[in-house]
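Asker: Residue strings, one per chain:
4 protein chains.
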Amino acid sequence: MAAEDEPPNYNRIAGGSLERLGALSDGVFAVAMTLLVLDLRVPAAAAIRDEAALGQALMALAPRLLVFVMSMMTLGIFWIGQQTQLNHLDRADRGLAWLHISFLCVVSLVPFSTALIAEFVTFRIALLVYWANILLLGALLFASWRHARRRALTRSDVTVALACAMERRIVFAQAFYAIGALLCLLDTFWSLGFILLVQLNYVLAPRLPVLRRL
Amino acid sequence: MAAEDEPPNYNRIAGGSLERLGALSDGVFAVAMTLLVLDLRVPAAAAIRDEAALGQALMALAPRLLVFVMSMMTLGIFWIGQQTQLNHLDRADRGLAWLHISFLCVVSLVPFSTALIAEFVTFRIALLVYWANILLLGALLFASWRHARRRALTRSDVTVALACAMERRIVFAQAFYAIGALLCLLDTFWSLGFILLVQLNYVLAPRLPVLRRL
Amino acid sequence: MAAEDEPPNYNRIAGGSLERLGALSDGVFAVAMTLLVLDLRVPAAAAIRDEAALGQALMALAPRLLVFVMSMMTLGIFWIGQQTQLNHLDRADRGLAWLHISFLCVVSLVPFSTALIAEFVTFRIALLVYWANILLLGALLFASWRHARRRALTRSDVTVALACAMERRIVFAQAFYAIGALLCLLDTFWSLGFILLVQLNYVLAPRLPVLRRL
Amino acid sequence: MAAEDEPPNYNRIAGGSLERLGALSDGVFAVAMTLLVLDLRVPAAAAIRDEAALGQALMALAPRLLVFVMSMMTLGIFWIGQQTQLNHLDRADRGLAWLHISFLCVVSLVPFSTALIAEFVTFRIALLVYWANILLLGALLFASWRHARRRALTRSDVTVALACAMERRIVFAQAFYAIGALLCLLDTFWSLGFILLVQLNYVLAPRLPVLRRL
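Listed in order, the protein sequences are those of chains L, E, C and G. Sequential numbering from 22 applies to the first sequence in the working numbering. Sequential numbering from 22 applies to the second sequence in the working numbering. Sequential numbering from 22 applies to the third sequence in the working numbering. Sequential numbering from 22 applies to the fourth sequence in the working numbering.
For the record, the hints were derived by calculation from the structure and aren't laboratory data. It cannot be assumed that every hint is accurate.
[To be verified] Which chain E residues face chain L? A few, computed with CB under 10 Å, are given here: (1) S38; (2) G48; (3) D71; (4) E72; (5) A74; (6) G76; (7) G116; (8) E140; (9) V179; (10) W211.
[Stated by the list, open to error] Negatives, chain L to chain E, calculated, CB over 10 Å: (11) T55; (12) L57; (13) P64; (14) G97; (15) N108; (16) L156; (17) A173; (18) F197; (19) L203; (20) D208; (21) F210; (22) F215; (23) N222.
From the three backbone atoms N, C-alpha and C, an ideal C-beta is built for every residue, glycine too.
Let the sequences and hints guide you as you build the complete structure.
Answerer: Following this line, the structure appears as structure tokens:
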């Protein structure tokens with residue numbers, strides 16, 4: 022490819038891809054959110070004789086439902102996080118596209134790590150896999166933001182203070198998730214409970230002024 | 022995050038998110054609609070010897086097909102309902118985004134509750150789970166509309182009369198669904214039949230002037 | 022809802038929905054196209070000892086691959102058909118939205134009827150189910166176009182000649198599919214072969230001037 | 022259809038379809054990316070007694086995880102490739118739509134060929150199927166670009182040098198993939214390793230000046 026041709030070529034890729042990156046992301050998040058529910062299996066009819074048995078079988082699904090809700094929150098938090106970031110960008114480049122494709126790759130692993138922790142809720146390894154998944158999501162969003170700043174892809178109205186605040190937000194969140202993961206030394210339920218609280222904080226934050234700045 | 026930075030930051034999230042909320046919603050509805058059909062399992066070839074046997078096996082799928090159609094109607098009704106609501110909004114905020122993510126979370130449960138009622142069509146618990154799913158869909162759309170009004174996210178041409186009409190529409194519909202659910206005291210088939218009629222009313226309403234105002 | 026409020030309300034639904042109807046449709050088609058492939062199951066490793074055995078197992082998938090390609094063509098033909106129709110519309114209304122949701126409901130059945138004919142390729146009932154699926158797709162597109170003409174939803178540059186041509190195109194295509202279905206009186210392979218030819222004609226039509234007008 | 026009506030009709034299809042082709046493509050890629058993960062099956066709880074056993078079961082998934090990452094890269098490379106191509110087009114026509122639907126059809130086969138190579142990693146036939154999948158992706162993008170140039174669908178600012186560069190890029194990439202496939206004469210692991218290196222080159226290329234021109 023002649024050197025003169027490259028700039029228009031790659032600029033045009035970049036110009037179009039913010040919008041299509043968003044569309045691809047919405048698709049991957051939508052499918053991942055809907056696949057989570059496949060883990061909630063309907064009890065087999067053969068094993069169920071009466072209402073009481075069905076009630077018990079559904080109650081037995083409760084832990085899976087909790088993990089389902091947690092994973093929906095995780096996906097929601099990172100969907101909003103990615104959207105916020107893309108909204109602050111002016112254009113994309115090839116590197117940004119690959120960072121976001123890697124991010125989506127990790128998003129598509131959420132149904133797997135959710136199924137794993139739902140199946141092995143008392144196993145530390147399952148919890149660490151689940152946490153590694155969240156860590157990778159945060160790390161890739163962080164790397165993408167840094168890349169965007171370095172390549173000047175951000176919008177002209179993004180101040181340094183705002184740019185730093187967005188990085189700080191990711192780092193703080195990941196610090197809390199890491200504390201949650203460490204709690205598995207005590208018990209995986211402490212870990213899951215703590216991670217759940219952190220997530221609830223991010224979902225409800227705007228209404229809790231004390232925690233809003235984290 | 023410095024207080025001065027917050028307004029531009031969150032306004033811009035809000036500005037972009039109506040469109041991406043719509044795209045995420047279309048994705049989740051599309052996947053949920055297509056997953057419903059996975060419940061229609063093709064009969065195993067080993068068990069089918071001739072045309073008559075295949076015909077019988079397909080006839081045996083009829084109740085599932087009916088539940089499939091009902092669930093498609095449910096998803097269609099709430100897709101149109103959500104779209105109507107988003108069309109009346111001018112912008113979104115973080116709270117609205119989370120109410121709609123919760124809504125999509127419940128949308129993604131529809132294939133589960135559909136599979137449950139298809140498998141246990143005579144069980145009251147299965148019917149109540151199905152109804153609870155519909156109730157949550159309505160409740161979240163209602164909460165989202167109330168939130169939008171309180172935060173002044175609605176378009177400037179939304180009159181108070183129109184805003185109240187949209188709430189009334191949800192409340193009336195849910196009242197009918199609740200009556201349908203109550204009918205399971207008699208029999209789950211009465212419930213399903215009544216809910217089906219209510220849904221048909223909402224699908225065909227514009228052509229039945231008497232019922233149009235509900 | 023006060024009568025004065027209804028017109029702005031429903032007009033605005035209509036205004037937004039062409040775009041979101043398109044997005045929902047793209048989602049349903051995309052998922053249906055990708056689910057088709059789930060019917061191509063990877064042979065179980067336990068049963069395969071060497072390259073020759075794997076080659077044979079893959080050859081055994083050939084009929085399924087053919088049905089997969091046929092169904093992709095079916096979905097492609099109707100995706101283009103629906104898109105062409107929506108491109109000729111100026112706005113939507115509630116009735117149009119429901120006709121297209123019904124259309125998408127039938128689209129989501131294509132993986133089911135494809136799996137059925139792939140499993141029971143010599144059974145007439147399976148072929149008739151497959152054909153009924155195609156027939157419903159055409160019938161709903163036809164009904165939607167008629168509805169759009171009756172309610173004056175079409176663009177101002179749609180002439181009567183063009184409007185009739187679009188209807189004729191659907192009717193001709195369905196006539197051919199019906200002939201294909203009738204051929205199952207001889208043999209289901211004649212039916213599939215004929216339907217395949219009709220579809221190839223619609224895919225390649227612009228290059229075969231003699232058939233272009235159908 | 023009257024001859025006079027055809028041009029406006031098909032032009033309007035074309036006008037709309039670039040955008041909807043992109044949306045359909047994003048949907049198919051999103052579902053294919055998310056389905057890849059279904060191949061990562063959570064170990065059965067019954068077979069796992071302790072952390073060590075779970076650790077081993079997860080380690081046993083490592084080869085599948087590698088194939089998963091490879092396939093995500095394949096999908097990412099071709100998603101960017103298709104997007105770049107569509108970004109350089111001004112409008113679409115029926116032929117282009119069908120070439121891209123065929124392309125999406127092959128995209129939807131990626132989860133199948135990925136599952137095949139993951140299951141039969143030492144079998145040459147599995148590797149050749151995987152390579153054939155990549156070859157078809159490239160061939161269809163190439164055919165689509167040629168078609169677009171012949172029918173003058175490209176943007177007015179696409180120079181001959183740029184047009185040729187885009188073709189050369191596909192041909193070079195496919196030449197490398199073909200070399201990778203040939204290496205299976207030695208061993209399938211050499212093939213996979215070589216293909217992985219080629220893919221890493223395309224993902225990271227902008228940072229390796231020596232290889233950037235390929």
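Asker: Given E/E140 as an interface hint, is the shortest Cβ-Cβ distance to chain L below 10 Å?
Answerer: 5 Å, holds
Asker: Against chain E, does L/F197 keep a CB gap of more than 10 Å to every residue?
Answerer: 16 Å, holds
Asker: For L/A173, is the shortest CB-to-CB distance to chain E above 10 Å, so the non-interface label stands?
Answerer: 18 Å, holds
Asker: Hey, does the E/V179 contact hint survive, CB to chain L under 10 Å?
Answerer: With a minimum Cβ separation of about 23 Å from chain L (threshold 10 Å), the hint on E/V179 is violated.
Asker: Given a cut of 10 Å on the nearest C-beta pair, is the interface hint for E/D71 held or broken against chain L?
Answerer: Violated, because the Cβ-Cβ distance from E/D71 to chain L comes to roughly 26 Å (cut-off 10 Å).
Asker: Can we confirm that no CB of chain E comes within 10 Å of the CB of L/L156?
Answerer: Holds, since 22 Å exceeds 10 Å.
Asker: Does L/F215 really sit off the interface, with its C-beta more than 10 Å from all C-beta atoms of chain E?
Answerer: 21 Å, holds
Asker: Using the nearest Cβ pair, does E/S38 come within less than 10 Å of chain L?
Answerer: 6 Å, holds
Asker: With a cut-off of 10 Å on the beta carbons, see whether E/G116 makes it to chain L.
Answerer: With a closest approach of 7 Å, the E/G116 hint holds.
Asker: Using 10 Å as the Cβ threshold, decide whether E/G76 counts as touching chain L.
Answerer: 23 Å, violated
Asker: Is the Cβ of L/D208 farther than 10 Å from every Cβ of chain E?
Answerer: 27 Å, holds
Asker: Any CB of chain L closer than 10 Å to the CB of E/G48?
Answerer: Result: holds, 3 Å to nearest chain L Cβ.
In the structure shown, a violation is registered for the earlier hints numbered 3, 4, 5, 6, 9, 10, 11, 12, 13, 14, 15, in ascending order.
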